[in-house]
Amino acid sequence: MLNKYRAFVLGVFCSSLLVSHLANAEVAVIVNSANSSAISDTEISRLFLGKLKKYSAGDKAVPINQKFGSAIRKEFEKKVLKKSSTQVKAYWSKRVFSGKGKPPKELTSDKDILAQISANKNAIGYIDAASINDSVKVIRKF
Amino acid sequence: MKIKSSLLAVSSCLLLNTVSNVAMADVNFNGFASIVGGVTTASGEQLYGYNDNIDFKKGSLFALQASSDLENGLGVTAQIIARGANDWDPKFEWAYLSYDATDNLRFLVGRQRAPFYMYSDFLDVSYAYPWITPPNGVYNLLFDSFDGIGILYSGQLGEFDTTTHFIYGKNDSAVSALGETITPDFKDFTGLSFSANREWLTLRAAYFQANMTMPFQFLQPLQNGWAQTGFTDISNDVVMNGDKGTFIELGMQIDYNDYILNAEYTNLTLDHTPFGDQKSYYVMVGKRIDNFLVHITYGKDDDSKNDFTASAPFGVAPTLDFLKASTQQIIASQKSDEKYLIVGLRWDFHDSAALKFEYTSFSDNLNNTNDANLFRVALVTVF
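Going line by line, the protein sequences match chains A and B. Numbering of the first sequence is given in our numbering, commencing with residue 1 and proceeding in unit increments. Numbering of the second sequence is given in our numbering, commencing with residue 1 and proceeding in unit increments.
Quick caveat, the hints were computed from the structure, so don't treat them as lab data. Because the structure is a prediction, the values reported are computed rather than measured. Hints are supplied without guarantee of correctness; some may be wrong.
[Said to hold, decoys possible] Below, simulated SDA-like cross-link-like pairs (lysine to any residue); rule was C-alpha separation at most 25 Å, straight line: (1) K79(A) to D290(B); (2) K79(A) to E199(B); (3) K83(A) to V294(B); (4) K54(A) to G75(B); (5) K83(A) to L379(B); (6) K102(A) to K279(B); (7) K83(A) to S135(A); (8) K102(A) to V294(B); (9) K78(A) to D128(A); (10) K78(A) to G75(B); (11) K83(A) to S33(A); (12) K94(A) to A25(A); (13) K54(A) to N197(B); (14) K53(A) to R204(B); (15) K54(A) to A25(A); (16) K74(A) to A34(A); (17) K279(B) to T202(B); (18) K100(A) to K279(B); (19) K82(A) to I289(B); (20) K105(A) to N104(B); (21) K94(A) to T381(B); (22) K94(A) to V39(B); (23) K100(A) to Y153(B); (24) K53(A) to S68(B); (25) K82(A) to S40(A).
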């Protein structure tokens, strides 16, 4: 019994180490190469919270999120939205269940997000800085 | 949080598999649930429907929301909630068509929530706020939803993001109150709420009014009695029949560096009815520590009713004395002076679920036999 408990504690400890290790990734915010709007940090946050729907040039913005619970998304939420993933989830549940808005579309990998952003001139997303290639434009690293 | 379903698309493809370009909207399903257990801490104590026998049904609920984006800004949403308190009988709480005229202007037509309070829009989504349920002292109107139109405008005022919400409609859903189940008629229900948010600060104000009728049987004999004795004004005041009720709400939220301060004040006025005017408020402070949120709330509820029988003399006729005494008894029952303290803990043990513990100490300054202490625990989730 005690051994089981020890194994559990060890497991929790190891997984928390793993999470904190992954969470140190650098987040790169990316847009389509044709997007010439200036986008401030506050605007990035507002775009991903559904409070801002257009770029400064007037084009419609289409934010694309990483999968809920992924390390990169947690990092983005912490550094850019300045909220924990629980707070972000609570925020969206308020909006979804009150008819005020719905969260950005989610894609599961950096590769899919890169493909989507290079194909859609209105899209904005974020990926691990290590995955950047020149099919998209990096506007900010966190 | 999101389960995307193409059921509709799949079934229509089966039916029409020769037609290659059938455009069918995806349906999104979302849901939330609360499992709440509650028990008062001593025998004979009752609070918010709980007694000293532990209960897991009253406060529990399951909800499912289906929504679909049609083309050109049009959307359709339905939310069904099954509550333990209603024997799990599912009911539509929301069912509306939405239309986004612009990025900032949205129209809702159908059954929707009246934005009375700061937490009205997501009243049942316990995951979205600190408590198990928002404080009962403030959140105690007879109805939450209405049928009609809502207009939502989101704008900016300096550094603030603002939401202006106008509603118009009616509610005539049956309610149980004062031992009777009646069909009320709240018509010309009109209201406006405004909230402004900037980083850690949210301010809110709301005003509502309605033309209200609540046909309680037990008031009929009094109404007739006063009418027969010639006291028409009192006869009108002893029932709620086409009377104007008004409601004002002020709210604030501060969420700064893991410190939280929430406060709300409400004022319900029901002139020319036998029901009390209610002034209520609560103040809550909390602190997030890692995955935990500890919070403490103090609230007060002050209800009053003027003696609208004052123009009728006492000691002139036995019938009149009886009417006056009976009516004054009702007036007295409408007064209250209550306060409560809630101490709670929320633990976000999972990305989509939280466990909450809450202890409420309630005291009734007019009748201390109503004093009670309640312990509740809840498992809440969104999916």
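Hint by hint, which ones does this structure get wrong, listed from lowest number up?
As far as the earlier hints go, 6, 7, 8, 10, 11, 12, 15, 16, 18 and 22 are violated by this structure, in ascending order.
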